[in-house]
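J.: Chain Y is fixed; fit chain A onto it per the hints.
Listed below, chain by chain, are the residues.
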Amino acid sequence: MTNGMANGKSQMANRKWFLLTFAFCLLPSAMVFAVPPALPPFPPLHFTPPKPVRYVLDNGLVVFLLEDHELPLVRLEMYFQAGTQYDPIDKIGLGAIFGEAMTYGGTATRPPEEIEKILDRKAASINFAIALENGAGAMSCRKDDFDGIFGLFSDLILHPQFQKDKFELAKAKALESLRRMNDDPEEVARREFRKILYGNHHPYARVPTPEMLKNIKRDDLFAAHKRFFRPNGSWIAVSGDFQAADMLAKLKSALGTWAKIDASWPEIPAPTATTAQRVFYIQKPINQTQIRIGDLGLARHSPDHFAWEVFNELWGGGGTSRLFRTVRTELGLAYEVGSGFSEPKEKGLIVAVCQTRGSQTIAASQAILKISRDLQEAPFTAAEISDAKESIRNRFVENFTSSAQIAAYMMNLEYFGFPKDYLDTYTQKIGEIDAAALRRMGQTYMHPERATILVMGDLSTFEKPLSTLGRPQEIKLIDYSQEEP
Amino acid sequence: MLIRRIFIAGFVSALLCSSVYAADPPSLESRVVEHRLSNGITLLILERHFSPTVAIRMMFRTGSVDEISGKTGLAHMFEHMMFKGTRTLGTKDYAAEAPLLRQVDQLHQEIDQERDKGARADQKRIGDLIDQVRAVEEKANALVAENELWNLYEREGASTLNANTAPDYTQYIVDLPANKLQLWAILDSDRVKNPVFRQFYQEREVVKEERRMRVGASPEGKLFEEFVGAAYHAHPYRNPTIGWDSDLDHLYVSDLTKFYQRYYTPDALTIAIVGDVDAKDAIALVERYFGDWKAANQPRITPTVEPPQAGERRAVVKFDAQPHILEGFHIPAYPDPNQIISYAMSHLLAGGTTSRLYKALVEKKKVATAVDAGQDYPGERFASLFIISAAPRFPHTNDDVLKAIDEELDRLKKEPVADWELEKIRSAVEVGLLDTLQTNSGMASTLAYNQTIFGDWRYLLKFQKEIRAMTPQDLQNFARQIFTADNKTIAVLEPAKK
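The listed protein sequences derive, respectively, from chains Y and A.
If you use the numbering used here, the first sequence corresponds to residues 1 to 485, in order.
If you use the numbering used here, the second sequence corresponds to residues 1 to 498, in order.
Bound conformation, chain Y alone (with noise of 0.2 Å):
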């Protein structure tokens, strides 16, 4: 449920974007059997997850907490307002090397050293990221260690110092990331069909140049810490064995006096669709071709959410969906096909992948691209339809399997402005969908005369000329696995 495009990796690559009802009950009465064997009836299931404590100190700072005495442990996670897509124009990399360098930078009176030994003496840990749309902080523990290992990461949040030497190892390993960028064909495809679909320079899209990390500096830093934490633009939810009223008196302790402060934020730019098709394509001389086929799709809070989980799961999110069947179970053409889709704010993708052998590289893109121009009437049977939506259902339940992730799903919820009542009409929505429903989502989303195709492999290898797609048009990598410190 972060962002970044659930590639479509795997069949249950966007999985974990669907967030579930918070009190269901999923009855037998939704199964037809009509294959062999016969299965006999399962007895419903009722489940009414435990619902975090929601509490909003005086400074704005919103707080979940959810007990769960199963184990001597404790789990905090924390949201901030923050995002990469924030990084300033010339110095694209700096909400990557911002989370490393807090992590490990130390506090204004503790040195890192001392903070890094506490931890990994009591097998404890604290991390910060910054992801495309959120930042995020986590920390666990034995519940004895709480109290100092909180103590260490409120006082990282509050005071971190970004110390010097920290600082440039975490520049000198994001450089050593742009040296090696070009290393992974995933990786690569991925990358690169992004920068196709939103521009080089779009905030969901672009990467760093090594100037642009070089001319990062420590006071960069010192600046984004003042923007990202502010008690009124953070969440936390804390999961574990404790006791609400003690956990909230530590927090309010340690954090509530922390100041509140207005932040303004830029608007991210809306991408620009594209009105033909496009085929592009990386030569590097592997013996295994990427494809990549999308498009912009739907932008989070979309009213086609629900009608579009459904079509994506018979599109290629499972392992009976579309892809899968006829690209891999009939063709042999691939091991890794399916769909995947993101949500950002603005539009998200949507996007076939498979990789397949040099030989079968135009015969795999034409079946994905069949497979698009069919899906456009969507020509389901009521059976498919059925199975899918009874699918999302029955698996809902698996989203709420501990407390950490309950928790962490709330706050996640509220972060991105979710509806209060999203959770517990989940199910009832996707089981609102219907076959007229699917066809405007094949009609509005599949359109393969205006897709965006994206080959990577040995051209050499190629059944056939890549121009039987389309005009194609090169990528060339830039490369800096040279570039000196």
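A few of these clues could be false.
[Claimed, not checked] These stretches of chain A come out as covered by chain Y in the derived footprint (C-beta under 8 Å, 3 or more residues):
1) 48-60
2) 202-214
3) 217-223
4) 345-353
5) 363-369
6) 397-404
7) 416-426
[Unchecked claim] Example chain Y residues on the side facing chain A (calculated, C-beta under 10 Å, incomplete):
8) 142
9) 165
10) 180
11) 319
12) 330
13) 400
14) 421
15) 422
[Stated by the list, open to error] Calculated Cβ distances over 10 Å to all of chain Y for the following chain A residues:
16) 38
17) 122
18) 125
19) 154
20) 161
21) 284
22) 297
23) 431
24) 432
25) 439
Hints listed in this document are in silico derivations from the structure and should not be mistaken for laboratory results.
As the structure is a computational prediction, the values presented were derived from the model and not from experiment.
Think of the CB as a built atom: it goes at the ideal place given N, C-alpha and C, for glycine as much as any other residue.
T.: Below, chain A without anything else, positioned relative to chain Y:
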């Protein structure tokens, strides 16, 4: 480490998750219910009632170590075929399908035998056979009810349906709403007892794609394959679990059948069920559906024992990627005490930012940006490897990194480790098990793994006890015995010239 998930055929990235095994919350011994069926199946159940979900793991004590020369990849191929159904599942008419499947297999073997004659091959005969097999395959495919097992599981709410094959074991993974436990018992007992290997030759192509993804196009995968091949000359750990290309081209349904009879036996199966179930009901269910399964009673083949290494070994891989190194040392298998010490050693060397190698390579000498260590790859049923993995930081070279590692390993032989480092290892082990216990899936895999590999899930508890009793001397002895020049294998990835 066991707790790692659903990895793959083989390159379980042992090194990526530094091993945090296991402590024993005192209640575990009494909470895990153990039941043995008369046919030899071991059933382990842990009730956890937080949410109405259940994680089920079926782990067979068979994997790629049981493959013979020319048939590598068979165990993993078998795992894929376990998703193709049974005599009643995945078919529209098994009676009509069965003879066609036999014909398809026969024809494919004939084609390959002719092809393997090379220049002397009769091309016309090959062409005819291909026409024949296509025709029969078409008829057979018309009788398939495609992906029916997937469909049933997914429709009924399986949030995870997967499997993985390792050198040591093969694991089948299902996470379900708890009211569907019986669905699992029906479907999985059927596929264990009556598997039908339909659509085999399409699936073989899928697996070849998987090999391309994991090895062909992956610098890390390729490096591991070469590394393990250099470290082992005789034991089957030398072979990739995904299989060699030419072997994949020569796997047939008849191989699967033979493998099934020899290695898929009740006594090789551990079932772990963790979640919102009643142990008594679960035992009754497993007895009802799995109790009548009989072993085929064929003897297993004992894998070749790896002879001692007699000097340093080295492999070089050229790839369109940046440099990387792997360094490994043979370690003994359980119950040798050094097997357990090896976990402690990997945490000491590469667990967290206070670890020896991180401090030295990443922070002080600045020759690398990342370093890892592990001790359970390729496996743990047989003598394994202690592996260190690192990526040089430009402009430093693989050799700079290897030299820095050597210096740290030498230091361990001379100076005893500090008390706080021992404390760190003990904490990691204790918290590691608590973390595992937080999820049904983690716990189910852990129980199944320990039972399968070490013969008793209580290895978890023994492990914790021994780590608590470990002394600095134990670690020093380990370093002196294991980290020797003659016991070392190095693999380096060097950028290919463009």
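J.: Take the hints in turn and mark each one as holding or not.
T.: Hints, verified against the model:
no., hint, in the structure
1, 48-60, "holds (count 5)"
2, 202-214, "holds (count 11)"
3, 217-223, "holds (count 3)"
4, 345-353, "holds (count 3)"
5, 363-369, "holds (count 3)"
6, 397-404, "violated (count 0)"
7, 416-426, "holds (count 3)"
8, 142, "holds (6 Å)"
9, 165, "holds (8 Å)"
10, 180, "holds (5 Å)"
11, 319, "holds (3 Å)"
12, 330, "holds (7 Å)"
13, 400, "holds (5 Å)"
14, 421, "violated (21 Å)"
15, 422, "violated (19 Å)"
16, 38, "holds (24 Å)"
17, 122, "holds (24 Å)"
18, 125, "holds (24 Å)"
19, 154, "violated (5 Å)"
20, 161, "violated (7 Å)"
21, 284, "holds (14 Å)"
22, 297, "holds (27 Å)"
23, 431, "violated (4 Å)"
24, 432, "violated (7 Å)"
25, 439, "violated (6 Å)"
Comparing the model with each earlier hint shows violations of hints 6, 14, 15, 19, 20, 23, 24 and 25; every other hint is respected.
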